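Trainee: These are the residues of each chain, in order.
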Amino acid sequence: MTEVSAVVKPKPRPIIRIGLFLISHSLFVSIVCCIAGVLALLLLPVLAKNTYISENALMPGSASAMLSTDDASDGHVFVNKIMSISSMSINSGIEIPEMIAKHIIESGGEVNYHKFQPLSDSFHPLQFFVGPDAGMVQDNYSSTSYGVNTVGIVRAPRGDGKEAIIIVTPYNSVKPTTSEALSLGVAYSVFTLLSRVSWLAKDIIWLAADSRHGEHAAVAAWLRDYYTLSSGDLEHEVTSVKRDGVSNGFRRAGTMAAALVIKVADSSTGFEKDGLKIYAEASNGQMPNLDLINIVNYLAVHGQGLQVRVEKIWSLLDSWWLYSLGELQELIGKVAKSLNPGWKFGIPASDYVEGCTTLASSLYNQALGIPTGPHGAFRDYQVDAITLEFSPRFSSSQRVLFLLHVGRLVEGVIRSVNNLLEKFHQSFFLYLMTSPSRFVSVGTYMIAFALLIAPLPLVAAALFSDASKSKSPGESIPTSPAWNWLYTAKTVLIVHLWGAIVTIIPYFLRQFPDSSPLISLLTWIASSAVLLFFTRAASSSLPFSCASQLQTSEWTLLKAVTVAAAFIGLCLMSVINYATAEIGALLLVPMCLMAVPLRIDATAKTAKTVARGACNVLLVFVGFPPAAFLLSKGALSSFDGVRLDDFWNWIESLREWNSATYIYICMVHLPCWVLCIHILLHRR
Amino acid sequence: MATSFKFKPLTISILLLFLYNAIASSASGSSSTTMHTNNWAILVCTSRFWFNYRHMANTLSLYRTVKRLGIPDERIILMLADDMACNARNKYPAQVFNNENHLLNLYGDNVEVDYRGYEVTVENFLRILTGRHERAVPRSKRLLSDEGSHILLYMTGHGGDEFLKFQDSEELQSHDLADAVKQMKEKRRFKELLIMVDTCQAATLFSQLQSPGVLAIGSSKKGENSYSHHLDSDVGVSVVDRFTFYTLAFFESLNMYDNASLSSLFTSYNPNTLMSTAYYRTDLYQRRLEEVPVTNFFGSVMETIHTDSPYRAFSNRYYRKSKTEMPSDQSGGGNRRALKDLDILEELADPKLNVRPLQSTYLLVHEG
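Residue numbers (this note's numbering), protein chains in the order written: chain R, -4 to 679; chain A, 3 to 370.
For reference, chain A alone in the conformation it holds in the complex (with noise of 0.2 Å):
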């Protein structure tokens, strides 16, 4: 089963060869000098109920702009905990919608909704982050990021002082999401982290992060209210939230190419339109905001390398590599994981794969 997961990844992607040299420094371990490789974002909506429309269109909304900017749904976690589309209630069945003006239905074609309905629990959702899962999930359904990607985590919902409610009957608290993003930090699956969470008192769920490479934005600080933006008085429900309204707004304007900063999309909010006050946590991210663009995490535009060869040759290429340096070496151990990076029932048991990540062969998928 396992050596068959090897070579699946192959026949179905396109390949981006990254060749390190060996170099065996064990300095090298920081993830801030590790290649940005790939780019992951986990969009959740945590609230069921018609009346909580709103929290699904902001959801489908940041599907559709990452979409739209260049991650590729299978890199994409969409997490919805309810069905408005199909509910009796929605006067446009089958359609979702985050303006009156109706001119963008967000439920069209190619929608892929990974976790819907009660799959949404934050045992769930916990699972996701650290890689955790049973056996049978599928790939399509787990984040398969590694020591290089970065991932934009996207929540709505109802929120308070240091939780944020799932489906009405739970609670994901800052020090599950803060010990979730370490076991993730400690286990290398990403380099950079934005969280972006549109709820009430936003800024509590990040009091308490500790690991480096994360960038928390909130919609409101602790005690304040996040508002939604507009009602549809046509559907009878508020559409879209005022933060969520506002970031799209701001990504409307851009295409994958723009290389709008960080710091420009935080700027761009304005306490007095948003009825509250977007709070960033920037003091664990090491980058200056204003050289990082927004693209980094709402898009995925990679450095690519055109290679002539097809990848039977590459692969051919591959093994021999491995094949000379698996015995003469013994960070051979980076050749596998590199090769198993995406198999998520690995376990990091070799000690050696923490003081020497990335020096070796990377697979980028890149599905158009």
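Here chain R stands alone, though its shape is the one from the complex (with noise of 0.2 Å):
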């Protein structure tokens, strides 16, 4: 027995089996992997799932809302009062501060006001791994130019004071406009009815930011603050209660359940009714919890009767190719369901493009990491946070009626958060909305980036498969072929380690302001250009790698290399930003496939060749991250207002608000980018 099985060559185990199958059949299997990854992509908006309320507790709606008449049209009166301070003449900033701060004290809340300046701009790059610098205090308030916050809380009666919800009001303390003084109406008259309510578990807080340095930089600035224990604090509590009651100490009041941040529009665009604009994007493409944009859609729609909207990108509206699209998968749900009723897909054309370009804008907002509001501070300190944009209907008349229906609304939704046990957890956190009430969780779009990005390690392992077995027996130095990828893997971290250069070079160039962007983004990529030369003629001088000299036709191994880099470049960003690496996946990927030196192309000339040569080409030019950029911008809007230094501005943006996006571009993405014009280029 022992004999036989000893002759008998084990048959190796079922799933090497099938890596293999996949390996040896690497081209079919990639294309199809990609093309399925990408109609995965664009079925999204049919797979979406309508949203529910997830967590027991929240109970939105079944309080009738307590907000009367009377307290909107308190709400209006104050809105008077701020217009009126508004066009005064004169105006350094404190009046509406102090307008607020005595209607607050009226009403029986506590009040402070919180002094700050903004930052000055800082990078850091790794913030995504370690949350928000906390240690940054900042006492020395020299010139006028701080902001002033004004921050109103009122104490739940019976709660523990554990736990606060935050209503915040962005608005110009110098010069209001009147859409900015009517959400500050709203939350006036919201917090009025708060402090007479016996039902409150949280305490309420209401940040009035200063938004004269930007809105982001008030709140941000005001958790900062909220979230870092100041030598002052101590003594503060005590001692500085001035005599008209306004506190100059930090006031706190326990952990955030939720923050709303409300804002209204100027002018009502698109909305048939009183409209809601709902952004969640936080920075990174963090997202708040779902139930919490639910309950907004919940009780905007069936109790105030508002009309809600998510971002969408209007161009992709009108556009044919969508609309064929989704015309096509109408068809499709059809048939299928006049073979068996039972199977229910298909959605109908119109909303298949309104889903798409809701989702388009959802990816691209959650790719960029750039907070769309200043509910992205929150969510730097792990609070959920969304803001609403109110578009009222009607210009002046009804203001009132607005007031009391946008007050309805937020207090129906401070007696749903106020109702929560523990922090936001039930529903999801990982999503991509196709409309308010609809939305597509990470089990569903995380099928399409696993499609595209599947072919890789598959084309990775073929790829090293064949560099080892076509060693031509007539080589000059025998070299194990087990180590020969450790030459190009070299190459490959080398070229990441420009990556990682580039990255900081902006850096620098901020030391020099005057230079306009288009300068500053040729020097970016002049210097970024000669380094690469540099450290491609340093490492080749190196003494330790005149082996890979003679291993230089071995391009196989390095595309193997690559392709794995890439991989893996891939894999980490999905983990960190799911948006940024599925769309860097859609440019990469290809690019990493198809890369195959012209020389060879060249020298076959068959059609075939040839045409795989202009496809690189293409892919390589369009994989350069400013072609890119101009190309999806020019897309979208027209081609007439397009700029080369758009391209700087929005990298800068990016760089400024600590996206991950940028450090992909410059670490993932641009190397990949050289090491694929390293293939193309290469002498065989």
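Since the hints were derived computationally from the structure, they do not count as laboratory data.
Remember, predicted model here, so these are calculated numbers, not experimental data.
Each hint should be verified, as a subset may be incorrect.
[Stated by the list, open to error] If we take Cβ atoms under 8 Å as the criterion, some of the chain A residues that face chain R in the derived model are:
# : residue
1 : Trp52
2 : Asn92
3 : Lys93
4 : Pro95
5 : Gly225
6 : Tyr229
7 : Leu233
8 : Ser235
9 : Asp236
[To be verified] Keeping only pairs whose Cα atoms sit at most 20 Å apart, straight-line, the calculated SDA-like set for lysine to any residue is:
#  : chain 1 : residue 1 : chain 2 : residue 2
10 : R       : Lys418    : A       : Gln169
11 : A       : Lys224    : A       : Asp163
12 : A       : Lys93     : R       : Asp641
13 : R       : Lys157    : A       : Phe51
Ideal placement from N, C-alpha and C gives every residue a C-beta, glycine not left out.
Fit chain to chain and form the complex, with the hints in mind.
Mentor: Right, here's the structure in full:
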């Protein structure tokens, strides 16, 4: 028995056999996977599910609104007062905070002013790993340029004081617009109501944020101080209550359960009735819990009859190809239904187009990693927050009615969050919206990404095995094929190191603040190119690299390692920010998979190789980050307004907001792009 | 310690004396022939959290009803897993309502909660049923029933197929319940037991019951949900469940002298208004439901025998009797049992007790 088994070669395990089969058919598999990945992405609006309230405790709408017309007209009086101060000629920016503070005290709340200076630009490239830097407290308010936030707090009469709900109303304290005054009026009418009710379990904080230095900066400064114990805190608590009841000490009210940023748009565009637009994207594509959006949407639609929207890319809305895709899937859905009435998929073509545009916007905003409003500052502290932007349909005559509706909505959301027992945790944090009431969860959208990047490890393995097989017998120095890849890996590593240096070049360029964006961009590109040249020269001159010179013909190994590096980079990025990884994979995967030295294509001169060469050139051109940016910008609006310095501004904003996308572009995408060019120009 | 227990109830209670001749017949062991002595109620709300307000309201409503129909507080064990009355979210502090008209505050005076908050656990619940407590547990937290007791066990909360959730952290399974009831039967802790459960798939909770004398009614069959009745938009929560609401509606028209039968209660449930099918299990129950008044479980109407003599005379007589019987008869253990039948620490060690129950003195506590 033992003799027989010793002779028969043991059969490899099924998983290994499947792997070997896939690797040997890697070309076919990668074509199928890539097409399936793109199709899955286009199918996401069809696969989207209706939202539902996942947390039992929320019970939105179960309590009737208590905000009365009197409260709304109080709010209206408040709005008028602000507007009268605003129209005064001399305004130092302290009158309105004082007026707000007075009203807060009158309604029975606690109040304090929070003075802040906007932080100077500082680049924290790894902030998404460590969270916001809480250690920086600036105490020297030197000039008059500081902003004044007014913070009002209602304590829950029988609550434990450990949790709080935040209402934020950003406004310009020097010259508030009518819509800013309206948002203050909404917050005021809700705040006075809440100071009277007996059902509060969480404290309410109203932050009237001074948006002179930007909405986000004001909120971020307050949050930074809220979460930092500054040196003056302890004595301020006791001593610094002035005679008018306004404290200079920093008032706090427990951990934040949720935050609502209330804004009023200047004009209602595209809404048939009073509209509400929800912004949710925070830094690095982080989203608040879906339940928060759900309760706002539920209460706005069913309670107050508002028209709710999330952002969409308008220019995609009337694109013919999207519409025909929508009609195609509708047709397939109908055919499937006629075959089996149990099969229900396919949505109307117009819904599909709407879903696609919303999904694209959702994907783009998450990929950018720049918060779409002041709510982004809260997400940095893991507080669920959204911005509600109301668009009144009536300009001025029916303001009280508008205040009533919006105030009741805000009250309802607060009452619902007030019922919460723990942090938001039941519903999704990882999702894309396709409409205010439909979403695609992480389990669904990861399929598209997984299909897209699945060919990468297969192709890398196939190329590696090819390279080790096709070793010519007349090799001058016989080296072990298993170690050949190390030399190419060194090249790839050096290029990635170069990418890291490219990442920090703009920091030095900022030392010359006078240069125009275009010059900065060109300097950046030129210095990167020079640096690349030098690193390449330096690495090839190093003594231990002589062996790699012998292997330069082995472009397949180089491609294998490049593809593997791209795979690792994309996988890492998908953990940090899915949307960036998805968009990046759409560009990077075809480019890396197609790359073949142009010289080979040129010598063969068949139609297939010529087409492949042309494809390669096109993909590499599109894969260059500025080209990709400008092309997509041109495609979405028009090519007339596209200028090269837009890209610099875009990159600068990514950098300033500490977006992980910036690091992805410089340290994953750019090195892979350079390596692909390297493969294309390879000498055979 | 044990001796002091024997006499304390005498000082606080009106005594009813049932004297049977000591007939040494083993055939009388069946509980169907024992007299109905007293009524107990165990009312359990198993769920926490503000959004489960209605479960507390259900239980408190039942508490109020059985109290109104005559079960005294000391024979009601009320278990409330959370305190809605003092919840910060309650718009009406220290009040609990089961109707949006807010006419009746269920959490008024004289509500004795025996187990509250995190004391409401499966372990404590099973300990109450089986009577196996730790030494330090006061008598007010014990089910001091005897073999003539009628017990109403009402439970409400979130449940599923063969389980009822306790406190969002643990579950009572139908096996646990059946086992506890079986132990109760063996320990002669009840004569008849009505289990009433208002939860989803309540019927499944009864599937393992085997003990005779048990009647069970649940708000829904297997695969069905039980629903809340209405939302109080002022308080902002649902305030009562449908099954309990219609049970209460049935009892509101009754007083403790009414003779409405259990079958009239059971047939009063309309599946359309309940939105689920009330299920009752009668195969373990010997009597015909038409002949059993609801007050046998939900009230405490006892046959009372007026005695002129004050209890001192009675206890003398009692002692005399004990003294005379004890040496003469092996069944003297029965007397001892009767004396101590409220003492839960006592073990049923004497095997003769099992064959000779209830043929001696009984003390019926009836506190006004």
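Trainee: Hint by hint, say whether it matches the structure.
Mentor: Hints, one by one, checked against the model:
{"no.": "1", "hint": "Trp52", "verdict": "6 Å, holds"}
{"no.": "2", "hint": "Asn92", "verdict": "7 Å, holds"}
{"no.": "3", "hint": "Lys93", "verdict": "4 Å, holds"}
{"no.": "4", "hint": "Pro95", "verdict": "7 Å, holds"}
{"no.": "5", "hint": "Gly225", "verdict": "21 Å, violated"}
{"no.": "6", "hint": "Tyr229", "verdict": "14 Å, violated"}
{"no.": "7", "hint": "Leu233", "verdict": "6 Å, holds"}
{"no.": "8", "hint": "Ser235", "verdict": "4 Å, holds"}
{"no.": "9", "hint": "Asp236", "verdict": "7 Å, holds"}
{"no.": "10", "hint": "R:Lys418 / A:Gln169", "verdict": "19 Å, holds"}
{"no.": "11", "hint": "A:Lys224 / A:Asp163", "verdict": "7 Å, holds"}
{"no.": "12", "hint": "A:Lys93 / R:Asp641", "verdict": "55 Å, violated"}
{"no.": "13", "hint": "R:Lys157 / A:Phe51", "verdict": "17 Å, holds"}
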